Amino acid sequence: MRLLVVEDDPELGRRLSDRLRAADFAVELATCRNEAEDWPDVGAMAAVILDLGLPDGDGIDLLRHWRNARVETPILILTARGSWQDKVEGLNAGADDFVVKPVRFEELQARLNALFRRQQGTRNNLLEIGDLSLDPIARTVEHAGVPLALSKQEFRLLHLFMRRAGQVMSQADILDDLYELDADRELNTVEVLVGRLRRKIGREHIVTQRGMGYRFEK
Amino acid sequence: MSSRPVPGSLRLRFLLAITLWVVLGIGAIWFSAVGIFSKHVEESYHEELEVHVRELGRLAEVGPDGQLRLTRPLSDPRYEEPLSGFYWQITARNRQALRSESMTRGTLDEHIAHSPEILHTLENGPSGPAITYGFTRKGPSDEDIHFVIATDQSELDRLIGSFTRDLSLWLVGLGVFLLATGMAIISFGLHPLDRLSVAIGRLRRGEAQDLEGRYPAEIAPLVADLNAYLHQNADMIAKSRVQAANLAHSLRTPLAVITDEAERLGETAGGREPSKVLLDQARAMEQQIDFQLARARSSTGQPYSARWVRLPEVAEPILRAMKRLHPDKHFVLETNNCDGVQLPLDEVDYSELLSILLDNAGKWATREVKLQFVCEPNQSFTARVIDDGSGMTEKELSHAFEIGSRFDRQKSGSGLGLAIARDLADALGLTLDLSNTPSGLAATVCFHPASIER
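The listed protein sequences correspond, in order, to chains A and B. Going by the UniProt record's numbering, the residue at position 48 of the first sequence is 48; the numbering climbs one at a time, nothing skipped. Going by the UniProt record's numbering, the residue at position 281 of the second sequence is 281; the numbering climbs one at a time, nothing skipped.
Where hints are given, some of them may not hold.
Claimed, not checked - Computed, partial: chain A to chain B, Cβ under 7 Å: (1) Glu11; (2) Arg14; (3) Leu91; (4) Asn92.
To be verified - No farther apart than 20 Å at their CA atoms in a straight line, the calculated lysine to any residue pairs in the SDA-like style are these: (5) B:Lys39 with B:Lys239; (6) A:Lys200 with A:Lys218; (7) B:Lys363 with A:Glu106; (8) B:Lys323 with A:Glu106; (9) B:Lys323 with B:Thr366; (10) B:Lys363 with A:Gln85; (11) B:Lys323 with A:Arg118; (12) B:Lys323 with B:Lys239; (13) A:Lys218 with A:Asp131; (14) B:Lys323 with A:Ser83; (15) B:Lys363 with A:Ser83; (16) B:Lys363 with A:Lys218; (17) B:Lys39 with B:Lys138; (18) B:Lys239 with B:Glu347; (19) B:Lys363 with B:Ala427; (20) B:Lys138 with B:Glu110; (21) B:Lys363 with B:Ser390; (22) A:Lys200 with A:Gln109; (23) A:Lys200 with A:Gly211; (24) B:Lys323 with A:Asp86; (25) B:Lys276 with A:Arg19; (26) B:Lys138 with B:Leu68; (27) B:Lys323 with A:Lys218; (28) B:Lys239 with A:Asp86; (29) B:Lys323 with A:Gly121; (30) B:Lys276 with A:Asn92; (31) B:Lys363 with A:Asn92; (32) B:Lys276 with A:Gly121; (33) B:Lys276 with B:Glu263; (34) B:Lys323 with A:Pro74; (35) B:Lys395 with B:Thr444; (36) B:Lys363 with A:Asp131; (37) B:Lys39 with B:Val51.
Claimed, not checked - Over the 10 Å line for every Cβ pair with chain B, so calculated as not near, a few chain A residues: (38) Ile60; (39) Arg81; (40) Glu106.
Note that these hints are calculated values from the structure, not bench results. Please read these numbers as outputs of a predicted model, since none were measured by experiment. Ideal placement from N, C-alpha and C gives every residue a C-beta, glycine not left out.
Put together the whole structure using the sequences plus the hints.
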């Protein structure tokens with residue numbers, strides 16, 4: 001899952017990105033409003049973590065800009081502004097959650113997962129499709145009740161497939177979600193990963209749509 | 001400013017001064033007028049009696065029979081009327097005394113007339129104390145003929161008394177008129193202060209941002225100074241709030257880095273304890289920042305800034321935000337009879353207060369949070385935030401407003417919300433109470449107009 005973090009403080013931005021990467025997110029970091037506003041695929045992000053006090057503009061305005069542009073990505077405001085006036089303004093401008101700095105990473109992760117759950121319309125963290133179940137918090141996968149051992153990238157791919165079950169995803173879509181923009185991105189990496197995942201969960205779950213990409217069967 | 005004089009008021013001071021002035025003035029006039037009139041009347045009276053005694057001397061003669069007689073009656077008919085208070089008497093040795101017809105009893109003391117010079121004194125007359133004039137003249141046998149005229153003192157007293165009564169009546173009327181005029185002048189003179197009082201009332205109720213209106217040259221500089229002070233104070237508070245927010249902002253980001261470093265430390269071997277200490281201290285710092293910033297943001301010390309809370313508009317954006325923040329909870333607004341009502345409260349502070357209570361209720365509610373507005377006929381207003389959660393125990397209720405009170409550490413929050421809410425309520429002059437209801441917990445915020453009029 002790819003996240004966009006908009007944070008102007010370089011130290012905090014770096015630490016937050018590291019933490020999120022350690023939690024298996026692919027993280028893009030924008031350090032000012034203009035950079036975030038020009039980000040090419042905000043709509044494809046799993047979520048945006050947005051600071052309000054940016055050096056070249058207000059985060060609330062950026063939030064409104066995205067919502068006016070029909071960007072539906074969940075947006076969590078992470079800011080040093082703690083007044084309810086700011087919270088109400090931020091939430092009514094289209095934010096899905098509002099967290100005041102400093103925040104324990106554990107809580108931030110829980111709030112992000114709550115956003116993902118809300119987006120998927122489920123009340124618990126567990127994703128269940130057929131005989132597969134995936135817990136993104138505990139980072140466990142079970143196949144017919146039997147725990148599966150997956151690598152970090154295999155887990156991310158399965159998580160993506162299960163979140164978008166029934167949808168056809170191109171290799172580029174998958175790369176966008178799994179890797180950061182400046183990472184080494186080779187299309188055959190996806191083929192290799194899909195092959196390994198099929199061997200572990202069964203071929204029937206992932207269908208190849210020739211010339212289009214892959215679809216995870218519901 | 002009240003139009004009735006109250007102790008220590010300028011109105012009372014002016015009223016007392018004018019009353020004293022009027023009483024002294026009227027009293028002086030009364031004493032002077034009565035004195036001058038009495039003197040004038042007495043002089044006229046004495047002159048008249050002297051004329052009468054001279055006339056008596058001219059009209060008296062010794063008849064052929066050797067008896068005293070008058071050639072004609074005195075010109076004043078009051079000497080003919082019995083006991084009229086006007087008497088005369090003529091006596092001479094070895095002759096029968098001659099008396100006025102008015103003197104039906106008693107006699108006049110002939111010794112008053114013991115000299116050719118006209119003399120007068122106060123004597124007892126036939127009908128009380130009398131002013132008596134007399135002189136002597138030689139008769140045919142070289143005897144002394146005593147001419148005495150007397151007039152009751154009461155006659156003079158009656159004249160003076162009548163004048164004094166009339167004068168007193170008029171002077172009392174004049175005094176009342178002067179006092180009424182004085183009060184009108186006080187009211188007219190103090191009217192700018194009354195307007196100033198109204199302007200201060202509007203300022204206190206938050207209906208104005210400064211002292212409005214034009215004032216006389218004596219008050220205008222004071223009003224201008226006060227307005228300058230108010231604006232300076234408001235600017236200072238606004239700047240302080242911005243500075244406090246900036247300070248909090250600049251502290252929170254490094255604090256976030258410290259928190260992260262502490263968390264990382266906790267993940268290393270042997271770093272658990274130092275990490276806990278760092279995280280606890282970071283949390284304490286965060287609480288202090290939040291609490292002090294909330295206090296700085298609130299209108300403490302300046303409770304009646306020129307803002308209004310409009311119902312139900314104040315709650316609508318907050319409820320929209322709450323629905324996003326707690327999407328699995330149902331937020332309901334019951335405005336009852338409060339649509340269109342305006343409260344003289346700082347909107348930002350009141351919104352902050354409602355937000356804290358609604359967010360708190362949203363965290364604890366099972367399914368529904370209700371915001372009820374109730375407007376009473378006596379202008380008091382109640383906002384109740386009711387959740388359908390588990391409520392609080394008596395012990396929890398008694399500690400609910402303390403800084404750092406958290407009853408479920410699994411739920412997000414700093415444990416500051418209700419402490420800040422109580423602080424905000426106090427600053428706004430509102431009462432805030434928590435109580436259990438059959439459905440859950442209710443936070444009740446009451447506004448009493450009397451609490452504003454301090």
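Hints, verified against the model:
1. Glu11: 5 Å, holds
2. Arg14: 10 Å, violated
3. Leu91: 4 Å, holds
4. Asn92: 5 Å, holds
5. B:Lys39 with B:Lys239: Roughly 81 Å separates the two Cα atoms, so the pair is violated.
6. A:Lys200 with A:Lys218: OK: lysine 200 of chain A and lysine 218 of chain A at ~17 Å, within 20 Å.
7. B:Lys363 with A:Glu106: 18 Å, holds
8. B:Lys323 with A:Glu106: Answer violated: lysine 323 of chain B to glutamate 106 of chain A is near 24 Å, above 20 Å.
9. B:Lys323 with B:Thr366: 14 Å, holds
10. B:Lys363 with A:Gln85: 19 Å, holds
11. B:Lys323 with A:Arg118: 13 Å, holds
12. B:Lys323 with B:Lys239: 33 Å, violated
13. A:Lys218 with A:Asp131: With Cα atoms ~11 Å apart, lysine 218 of chain A and aspartate 131 of chain A stay inside 20 Å; holds.
14. B:Lys323 with A:Ser83: 18 Å, holds
15. B:Lys363 with A:Ser83: OK: lysine 363 of chain B and serine 83 of chain A at ~18 Å, within 20 Å.
16. B:Lys363 with A:Lys218: Answer violated: lysine 363 of chain B to lysine 218 of chain A is near 34 Å, above 20 Å.
17. B:Lys39 with B:Lys138: 34 Å, violated
18. B:Lys239 with B:Glu347: 19 Å, holds
19. B:Lys363 with B:Ala427: Distance of about 25 Å is beyond 20 Å: violated.
20. B:Lys138 with B:Glu110: 14 Å, holds
21. B:Lys363 with B:Ser390: Judged against 20 Å, a Cα distance of about 11 Å means the pair holds.
22. A:Lys200 with A:Gln109: The hint is violated at about 28 Å.
23. A:Lys200 with A:Gly211: Given that 20 Å is the threshold and the Cα spacing comes to 24 Å, the pair is violated.
24. B:Lys323 with A:Asp86: With Cα atoms ~16 Å apart, lysine 323 of chain B and aspartate 86 of chain A stay inside 20 Å; holds.
25. B:Lys276 with A:Arg19: With Cα atoms ~19 Å apart, lysine 276 of chain B and arginine 19 of chain A stay inside 20 Å; holds.
26. B:Lys138 with B:Leu68: Between lysine 138 of chain B and leucine 68 of chain B the Cα gap is close to 13 Å, so the pair holds against 20 Å.
27. B:Lys323 with A:Lys218: Violated - the C-alpha atoms of lysine 218 of chain A and lysine 323 of chain B are around 31 Å apart, more than 20 Å.
28. B:Lys239 with A:Asp86: Cα-Cα ~18 Å, so holds.
29. B:Lys323 with A:Gly121: It holds: about 15 Å lies between the C-alpha atoms, which stays within 20 Å.
30. B:Lys276 with A:Asn92: Not OK: lysine 276 of chain B and asparagine 92 of chain A at ~36 Å, beyond 20 Å, violated.
31. B:Lys363 with A:Asn92: Holds - the C-alpha atoms of asparagine 92 of chain A and lysine 363 of chain B are around 19 Å apart, at most 20 Å.
32. B:Lys276 with A:Gly121: 36 Å, violated
33. B:Lys276 with B:Glu263: 8 Å, holds
34. B:Lys323 with A:Pro74: 15 Å, holds
35. B:Lys395 with B:Thr444: 18 Å, holds
36. B:Lys363 with A:Asp131: 34 Å, violated
37. B:Lys39 with B:Val51: Holds, because 18 Å separates the two Cα atoms, which is no more than 20 Å.
38. Ile60: 13 Å, holds
39. Arg81: Given a closest Cβ separation of 7 Å, the condition is violated.
40. Glu106: 8 Å, violated
When held up to the earlier numbered hints, the structure conflicts with 2, 5, 8, 12, 16, 17, 19, 22, 23, 27, 30, 32, 36, 39, 40 and fits the remainder.
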